[in-house]
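Visitor: Sequence:
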Amino acid sequence: MDLKSLATKVLMEKLGGGVDADAAASALDDVVGDGSDFDLGSLVAKFTGGGGDLAQIAKSWLGDGDNASISADQVKEAIGDDKVAAFAEKLGIDKEQAGNKLSELLPDLIDKSSRGGNLLESVLGGEGLRGLASKFLK
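Count the sequence shown with the numbering used here and you get residues 11 to 148, in order.
Derived from the structure by calculation, the hints contain no laboratory data. Where hints are given, some of them may not hold.
List time: in silico BS3-like cross-link candidates among lysine-lysine, alpha-carbon distance up to 25 Å [to be verified]:
id : residue 1 : residue 2
1  : Lys-105   : Lys-24
2  : Lys-14    : Lys-69
3  : Lys-14    : Lys-56
4  : Lys-14    : Lys-24
5  : Lys-14    : Lys-86
6  : Lys-86    : Lys-69
7  : Lys-86    : Lys-56
8  : Lys-105   : Lys-19
9  : Lys-69    : Lys-100
10 : Lys-93    : Lys-14
11 : Lys-69    : Lys-56
12 : Lys-14    : Lys-105
13 : Lys-14    : Lys-100
14 : Lys-86    : Lys-19
15 : Lys-56    : Lys-93
16 : Lys-69    : Lys-93
17 : Lys-24    : Lys-86
18 : Lys-105   : Lys-56
19 : Lys-56    : Lys-19
20 : Lys-93    : Lys-105
It should be emphasised that the depicted structure is a prediction, and the values quoted were computed from it without experimental measurement.
Sequences are here, hints too, so could you generate the full structure?
Guide: Laid out in structure tokens, this is it:
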């Protein structure tokens with residue numbers, strides 16, 4: 011199972027059902043994808059690039075300690091209101107709910123995809139992926 015599949019599964023669980031896997035994956039592509047790849051590194055760069063509070067919050071997700079929380083408004087600030095709107099539309103939810111779900115999902119996704127402050131290799135390879143999958147499925 012690749013990172014995108016794991017993220018899709020976690021999103022579907024956070025939404026509590028009612029959304030099919032294709033819609034969830036497509037919605038995540040709007041947030042994490044760049045049109046061709048599921049690019050978690052690019053997403054993290056959006057949070058850390060401007061410095062300040064968002065950068066500190068994102069660094070907590072990359073590190074091995076506790077994750078700082080993020081608000082829906084901070085998610086919109088980092089990734090753009092248009093991406094949150096597209097995410098919401100594909101899931102059939104309102105923008106406020108979408109922002110809230112992303113504020114729950116993104117810290118968890120980035121935390122579980124990093125080790126020692128660095129994002130894992132994009133596809134990892136067999137053993138690394140199994141370890142990552144076990145973190146998500148706990």
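Visitor: Would you mind marking each hint as holding or not holding in the structure?
Guide: These are the hints, each one checked on the structure:
1. Lys-105 with Lys-24: Cα-Cα ~16 Å, so holds.
2. Lys-14 with Lys-69: The hint holds at about 21 Å.
3. Lys-14 with Lys-56: holds, 18 Å
4. Lys-14 with Lys-24: holds, 15 Å
5. Lys-14 with Lys-86: holds, 21 Å
6. Lys-86 with Lys-69: Holds. Lys-86 to Lys-69 sits at ~18 Å (cutoff 25 Å).
7. Lys-86 with Lys-56: holds, 11 Å
8. Lys-105 with Lys-19: It holds: about 21 Å lies between the C-alpha atoms, which stays within 25 Å.
9. Lys-69 with Lys-100: Violated, at roughly 29 Å.
10. Lys-93 with Lys-14: Within the cut-off at roughly 17 Å; holds.
11. Lys-69 with Lys-56: Roughly 12 Å separates the two Cα atoms, so the pair holds.
12. Lys-14 with Lys-105: holds, 22 Å
13. Lys-14 with Lys-100: holds, 16 Å
14. Lys-86 with Lys-19: Since the Cα atoms of Lys-86 and Lys-19 sit roughly 22 Å apart, the hinted pair holds (cutoff 25 Å).
15. Lys-56 with Lys-93: Within the cut-off at roughly 12 Å; holds.
16. Lys-69 with Lys-93: Roughly 22 Å separates the two Cα atoms, so the pair holds.
17. Lys-24 with Lys-86: holds, 19 Å
18. Lys-105 with Lys-56: Holds, at about 20 Å.
19. Lys-56 with Lys-19: Holds. Lys-56 to Lys-19 sits at ~23 Å (cutoff 25 Å).
20. Lys-93 with Lys-105: Satisfied, since the Cα-Cα distance of roughly 10 Å is no more than 25 Å.
The structure shown violates just one earlier hint, number 9.
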